[in-house]
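Protein chains in written order, with my numbering: chain V, 1 to 475; chain W, 1 to 440.
Source of the hints: derived by calculation from the structure; they are not laboratory data.
Any given hint might turn out to be false.
[To be verified] According to the in silico footprint, chain V covers these stretches of chain W (three or more CB under 8 Å from chain V):
#: 1; stretch: 43-54
#: 2; stretch: 63-72
#: 3; stretch: 241-248
#: 4; stretch: 347-358
[Said to hold, decoys possible] Below 35 Å or equal to it, Euclidean Cα-Cα: the simulated DSBU-like pairs (lysine-lysine) are:
#: 5; chain 1: V; residue 1: Lys414; chain 2: W; residue 2: Lys309
#: 6; chain 1: W; residue 1: Lys309; chain 2: V; residue 2: Lys135
#: 7; chain 1: W; residue 1: Lys202; chain 2: V; residue 2: Lys89
#: 8; chain 1: V; residue 1: Lys414; chain 2: W; residue 2: Lys434
#: 9; chain 1: V; residue 1: Lys75; chain 2: V; residue 2: Lys104
#: 10; chain 1: W; residue 1: Lys40; chain 2: W; residue 2: Lys194
#: 11; chain 1: W; residue 1: Lys40; chain 2: V; residue 2: Lys89
#: 12; chain 1: W; residue 1: Lys212; chain 2: V; residue 2: Lys414
#: 13; chain 1: V; residue 1: Lys277; chain 2: W; residue 2: Lys212
#: 14; chain 1: W; residue 1: Lys40; chain 2: V; residue 2: Lys26
#: 15; chain 1: V; residue 1: Lys430; chain 2: V; residue 2: Lys316
#: 16; chain 1: V; residue 1: Lys75; chain 2: V; residue 2: Lys89
#: 17; chain 1: V; residue 1: Lys26; chain 2: W; residue 2: Lys77
#: 18; chain 1: W; residue 1: Lys3; chain 2: V; residue 2: Lys26
#: 19; chain 1: V; residue 1: Lys26; chain 2: V; residue 2: Lys75
#: 20; chain 1: W; residue 1: Lys96; chain 2: V; residue 2: Lys129
#: 21; chain 1: W; residue 1: Lys40; chain 2: V; residue 2: Lys104
#: 22; chain 1: V; residue 1: Lys181; chain 2: V; residue 2: Lys414
#: 23; chain 1: W; residue 1: Lys96; chain 2: V; residue 2: Lys26
#: 24; chain 1: W; residue 1: Lys40; chain 2: V; residue 2: Lys75
#: 25; chain 1: W; residue 1: Lys198; chain 2: V; residue 2: Lys85
#: 26; chain 1: V; residue 1: Lys181; chain 2: W; residue 2: Lys309
#: 27; chain 1: W; residue 1: Lys342; chain 2: W; residue 2: Lys198
#: 28; chain 1: V; residue 1: Lys414; chain 2: W; residue 2: Lys260
#: 29; chain 1: V; residue 1: Lys75; chain 2: W; residue 2: Lys77
#: 30; chain 1: V; residue 1: Lys308; chain 2: V; residue 2: Lys89
#: 31; chain 1: W; residue 1: Lys212; chain 2: V; residue 2: Lys430
#: 32; chain 1: W; residue 1: Lys198; chain 2: W; residue 2: Lys345
#: 33; chain 1: W; residue 1: Lys299; chain 2: W; residue 2: Lys309
#: 34; chain 1: W; residue 1: Lys156; chain 2: V; residue 2: Lys26
#: 35; chain 1: V; residue 1: Lys104; chain 2: V; residue 2: Lys26
Backbone N, C-alpha and C fix where the C-beta goes; we use that ideal spot for every residue, glycine too.
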Amino acid sequence: MSQLNLNDALSAIDIQADWVGLREVKESTTYRIIRDGNPQANSRDIDYGVMVEVLAEGQFGYYGCNNTNPANIQKAAEKALQQAKASAKNPIFEFTTEARPVTKGNFQSPFKQKVNDLSAGRLNEIMLKAYNQLKVNDQIVSAHAMAMIIETESNFVSSNGSDVQQSFLMVQSDYSAMANKGDIYQRRTDNHCLQIGMEEFDEDLVLARAQRVGEQALELLDAEDCPTDTTNLVLAPDQMMLQIHESVGHALEVDRILGDERNYAGWSFVREADFGKLQYGSKIMNITFDPTVDNQFACYGYDDGGLKAERDFIIKDGLLVKGLGGKESQLRSGLPGVANFRASSWNRAPIDRMANLNLEPGESTFDEIIAAVDHGVYMETNRSWSIDDYRNKFQFGCEYGKLIENGKLTKTVKNPNYRAISNPFWNSLKMLGNSDTFEVYGTPYCGKGEPNQAIRVGHASPVCLFENVEIFGGV
Amino acid sequence: MEKLFNQLSATLLNNLRNGEHLKVTIGGENSQFVRFSQSKVRQSGLVDDASLSIVLINDNRTCSGSFTLTGNIENDKALAMTELNRLRDEVSTLPKDPFVVMPEDTGSSREEHNGSLLPSEDVVASLSPAMEGVDLAGIWASGRIFTGNANSAGQKHWFATDTYSLDYSLITPDERMVKGTFAGSNWNQSEYEKNMAKSIAKLRMMEKPGKKIEPGAYRTYIAPAGVADIVGMFSWGGVGEASIQQGDSSLCKMRQNDVKMSSCFTLSEDFTSGIVPRFNSNGELAPEKLDLILAGSLKNTLVSSRTAKEYGVQSNYAGEGESLRSPVLSPGDLNEDEVVQKIDKGIYLSNLHYLNWSDRPGGRITGMTRYACFWVENGEVVAPIENMRFDDSIYNFFGENLEAVTDKAHLHPAVETYDGRELGGVSCPGILLKSFELTL
Chain V
1 MSQLNLNDAL
11 SAIDIQADWV
21 GLREVKESTT
31 YRIIRDGNPQ
41 ANSRDIDYGV
51 MVEVLAEGQF
61 GYYGCNNTNP
71 ANIQKAAEKA
81 LQQAKASAKN
91 PIFEFTTEAR
101 PVTKGNFQSP
111 FKQKVNDLSA
121 GRLNEIMLKA
131 YNQLKVNDQI
141 VSAHAMAMII
151 ETESNFVSSN
161 GSDVQQSFLM
171 VQSDYSAMAN
181 KGDIYQRRTD
191 NHCLQIGMEE
201 FDEDLVLARA
211 QRVGEQALEL
221 LDAEDCPTDT
231 TNLVLAPDQM
241 MLQIHESVGH
251 ALEVDRILGD
261 ERNYAGWSFV
271 READFGKLQY
281 GSKIMNITFD
291 PTVDNQFACY
301 GYDDGGLKAE
311 RDFIIKDGLL
321 VKGLGGKESQ
331 LRSGLPGVAN
341 FRASSWNRAP
351 IDRMANLNLE
361 PGESTFDEII
371 AAVDHGVYME
381 TNRSWSIDDY
391 RNKFQFGCEY
401 GKLIENGKLT
411 KTVKNPNYRA
421 ISNPFWNSLK
431 MLGNSDTFEV
441 YGTPYCGKGE
451 PNQAIRVGHA
461 SPVCLFENVE
471 IFGGV
Chain W
1 MEKLFNQLSA
11 TLLNNLRNGE
21 HLKVTIGGEN
31 SQFVRFSQSK
41 VRQSGLVDDA
51 SLSIVLINDN
61 RTCSGSFTLT
71 GNIENDKALA
81 MTELNRLRDE
91 VSTLPKDPFV
101 VMPEDTGSSR
111 EEHNGSLLPS
121 EDVVASLSPA
131 MEGVDLAGIW
141 ASGRIFTGNA
151 NSAGQKHWFA
161 TDTYSLDYSL
171 ITPDERMVKG
181 TFAGSNWNQS
191 EYEKNMAKSI
201 AKLRMMEKPG
211 KKIEPGAYRT
221 YIAPAGVADI
231 VGMFSWGGVG
241 EASIQQGDSS
251 LCKMRQNDVK
261 MSSCFTLSED
271 FTSGIVPRFN
281 SNGELAPEKL
291 DLILAGSLKN
301 TLVSSRTAKE
311 YGVQSNYAGE
321 GESLRSPVLS
331 PGDLNEDEVV
341 QKIDKGIYLS
351 NLHYLNWSDR
361 PGGRITGMTR
371 YACFWVENGE
381 VVAPIENMRF
391 DDSIYNFFGE
401 NLEAVTDKAH
411 LHPAVETYDG
421 RELGGVSCPG
431 ILLKSFELTL
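Excised from the complex, chain W in its bound form (with noise of 0.2 Å):
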């Protein structure tokens, strides 16, 4: 797909007229997906998808088209041309845009992982046997995600990798449940079958008879998957300073009238682990770390081009919709391994489910609890707790009421697929909270 994109763009760079200036965007998979339900295969399939996007810019005009690649070169430039020209002709009865972002060189890359997967036909047979004897539900997604980007300034960016993840999640017969993810780029059957036996051990805990809880405050320990959730809704109105400016942001808080977090709090926006690319849709590099908030203090916010331009700032190119790509929320000193005894009388939370600002600008939060979700006593766990709602304040959780953070963090791969395969995942470790608001 490399060469496809090389010889594209070059077509449509080759072409532009006097004054025209271009962005070209490649985006795609070749991707196996196999559904489990009740350890069995629901769906099993394969699917191939790419295209091309253009933003032809022309007397602060702007505008854009994409198209879905076929692989035929030959096909494919036609594609290219017509879609240019169709840009062409409209781009001239639109209003001026005073922020349009101008293509730039700032630098060029290149970065191919290369992994070791399971042929799509020896899936079914490899996942199943460690399945057996368990309630499985999940998907399977495996192959080739690749992105690139190419301008007018002479900038070319290319990015690909091989991933696969196995996201799952284990029911008893009493319908509880234990959440699992299986990821990387290198398959390991043992590897595989050790983090399946670890999951089932861990629904075996679930089996205890359950303990029903009421609605109030908790004392709470939110493990990295529930922590990673939570960080997920920052990217929602919550570091972009276009929201900020906009008055969509629940940090408006923090920019305003200077409201802080715990110490214990320092996210970033950290691009090291290198598990995805640093350019954006207009092949800007962002830097490869950036503190948001620094112990608990409004550092930096995500600024598109776009964005500065607009509200007179400095960019750091984040992407167009200023969302976290490589979020790393930092550890702390609480020893992981002892967080239960650190509860001592509370709620320890895996997961978290289905959450929304329910007030933005206050910065509350309201969710479900979900899968493995106990009440501790005298610091020990002693039973499932049936699913709850919360509603709270990311300036209460994050702020006075964090009492520690764990001394591991823990990457939660992205499993999303609405778009196609998401890179990334969020680097987190768990919060000890000294009251969370559980609502019904």
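Okay, chain V solo, but in the shape it has when bound (with noise of 0.2 Å):
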């Protein structure tokens, strides 16, 4: 990428400090979306930038520049040394060199066809066609095909010698279709999160995932509502994804739990004593920090910190043994933790983030979870999520139902939703999917952080029961 050379920049600067740190990015974000037969969008977004940071006196001061010149980032620095000096007035913590650890290396995203095998006009193409096949008749009254790429390349380097190259290709597909019958409106989509090529858009595929969107969609418009009850709930992995991000993700990482995000994400049910001795969830519960499986969509080699990123359990056997705290968290608590200190860019400081956090899957075929519920509703592609500050009391939507009666799939229901409290409804996890179940899923947008990131994240889990969850319709 690289519009300046990243460590003669670092070499230049002169300031009297104890760590100097470069992070340059560059990233490429492209869409292309049909909708209701027209196009939307053509579009692609270039932010660049470097963010300089600096260590003085215990503190990490920094100054995002878009004027990457060698005089401007000198200046850069000579102000975020103001900025670190002046926290030292009041601050939270001192720091080393030790929450920068020294790393060199390189992570390529894996993918088969190359951003420019697929020309904006073929795109566009695929699109339409997806359209069309979204729009099964005329109760479809809206639909669109997106095609999301997003290229990154971030460069790390430091005083202290860290030299990290990372390069990133990103997709996302999202196909959508609104079904519509007198005062009754039903959406269904299907989207998919991945660190992938242009293979993602390979017609054939695409087709099929917008066909069954489409149908599913007329199929809910007579579908009855979601009964109102405590019962069994067996939930697909593209609710499962929402689950574990919403009540275990952000209530395990560590500056939630140190508090840094209490005017704004919230705080924790987790305290810091509760690493080693909470039962989070049932025996069959285990969770990873994963940044290794492949074309998950938060796969890196190193985070923004400079940390070495490797697959850990977060939570074994239902009990939690790690939290999702980076260096700085690390030596703030005390307590183990993972490389997850990211930004979402160089225009933000990193912080604790999820990258990919996954559940494990169990033994269980989906036939022999569903053969195991007398009574239930399963549930697939969330819709509406909200839980509380604490990640304690949740309340989560998701667009199609089955009943399940007798060991069985029965009628669709629509507007299904379910609410719980998060460390019980983990302990009664009752059955895990196997292998054959597992799939991977993530999203662009896990918003966190003063001043505000979004950042990417991806999940993956089996197919889940859990017992006596209360469930509800619609209005």
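Join these two chains into a complex; the hints should help.
Shown next as structure tokens:
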């Protein structure tokens, strides 16, 4: 990418500091959207800048700058030093260079087909065909097919010898259909977020996904509302994604546990003393922090503090063993953590984020799980989410449901919702699907931090059965 | 930055070829952010950011591109021309867009609001003493925000403003919280210290023993900050005309079945405060005031020019996403100072948290209570309550269950910073409800 030589820029900085780091990020985001038969967006946004970080008097000060000429980087370093010194008058913690470990290496997203292998015109054609597949009949009142392609290059160098280059190719594909009959409106969607190439837009795969979305949107128009009950709940992986994210991931971010997020995203029901002691879920619950799963959305080699990213258990046999805390949080809390100190771009300082956080598969087939349920509901695809600031009381809604009666999937139900409290909910996890039911999802829009940052996360899960959950339907 | 924008837009517009039409937008900020936790500095830094966005239209085909500006005019001119040429290469390969919005000249504008801000190096020393003795978490954001727009029809707009905000939570040792925001354009140290002292006094009220309440329907007052969060939901599957046309709005019932809300409920888009620019990314100027829901009836929706072409309706120059840019909820006649007596027996909610549509066509919203929320009995505050989940419909709490609206509207400044520091805020009063559904 480089529009400047980062090592030369670092060498040229002349300030009295204990440590200096430069993180250069260039990111290109392309959208191709067809809505209701016409192009809705063909856009490409390029974001480029350098984050200058300085450690002095035990404090980090930063300056994110769009002007990357050497004189401006020197000025930015001086101002960042001034911020660090001002912070030292009232600091929360005294940091040393231990917070920025020395690391060298690189990372490249895996992909088969390059971005340039698929022209803008051809991708518009495929999205238009997808739209035609989504619009099964006139009861589909609106539909869209969307391709988002993100190419990111991130380089990090530091005065203690770190030198990291990472190159990412990330894709989101999204197909959506809104069906209407009288007062009834039902949306069905299919969304993938992966580190993958243009093979994600293979026409046959795209059309098959779009057809299912359109047909199921229509199916929901004639479905009964989800019943109100306290019963067995089977969740598909594309809902488990959200369930893991909200009621495990955010609760275990160590900066939240330390209180940094209390003015915005909130605190956590988990406390520092809970690590190694809290039975977070039932014995079959195993959660991993795993930046190494092929094609998952938040794979990377190193976090933005320079820590090497590796797979690790966060919850083992239901017991909470480790937090989602990067090096700064590890030093502040004394807790073991992972390489998750990440920034949304060059213009934000890193904080603790989730990255890939997955529920490991169990041993049951999908049919065995359904057969084990006398009475319950199966739900797919999140459509509504809300949880309290301690990550306790949640209410989630899904797009598509099926009743389970006497061990079989029966009627389709619309507006399926459920609500519960995180810790008892995870302890009610009764069965886990095997690796055949394991699917990989993600989202580009995990919001957190002050100043705010939206970052990409990945979650993978098998199908899961929970007992005694409060379920209900629409208005 | 205005000079840079003028030079770049002139370069691009002067290089247009026959049949090409162009819209150019700049946006950016020069900001300081200081993050506090436990009343101490957690992170502190500065950000300079600016980007230029170009929309090219040719033969009813369109595409757009944006890039980060460097601030060096020669570099940025070269980047702008490279981007224009890339768009030229792409646009001819794309399908025609029957609803493309051509640039027009409907008038130019220029507004610049110069403030008096704290020097960045003085912020920690100026803010910290008033926080002593309490546990505060929050964010200081300060500096200049700017945006501009020009097009090939000759229209030009510029808006720049200096603002600061300290958005914070105060927390008691047993984890009860009070929310505060101190914002403006001209720093006043003594006003800041008064604001913080008032919040600390409010925090003392949270030290009373708490009361656990059960799920159920309660007589409820929602203070302006909580109402502002609900009003924000109207931007997401609410008042946008496209969302109604595409069946994705909570207000479809009002359009299709003439369902009404309470006559006490009036929501408008009102730019008369001047704190946000009236022009959108097309450079179109929205009306100074537009009633959306008037005395409970849907009068207007926010209509962008693209939506207007697509559905054959009149544009009111809403932004592309048709979200509220300057919402105002009209005050009513309930004396704000008598709210607690009027509740008599029920709950007082200062703030809400994490709202989402739980059934959008039905207008149902779920979310949490947060911060200073109290149980009220015999017209007096008795005890703080633990946070509760609610799940209720706008057609209930802005409909038949809306008993009264307070007589003063308060501005709740926008403090979000995802794509840069936001401008403006929501102006709204509090609402007294006959019944509000708490579920968990």
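| request: Go through the numbered hints given earlier and state which of them the structure violates, listing their numbers in rising order. | output: Result: no hint breaks.
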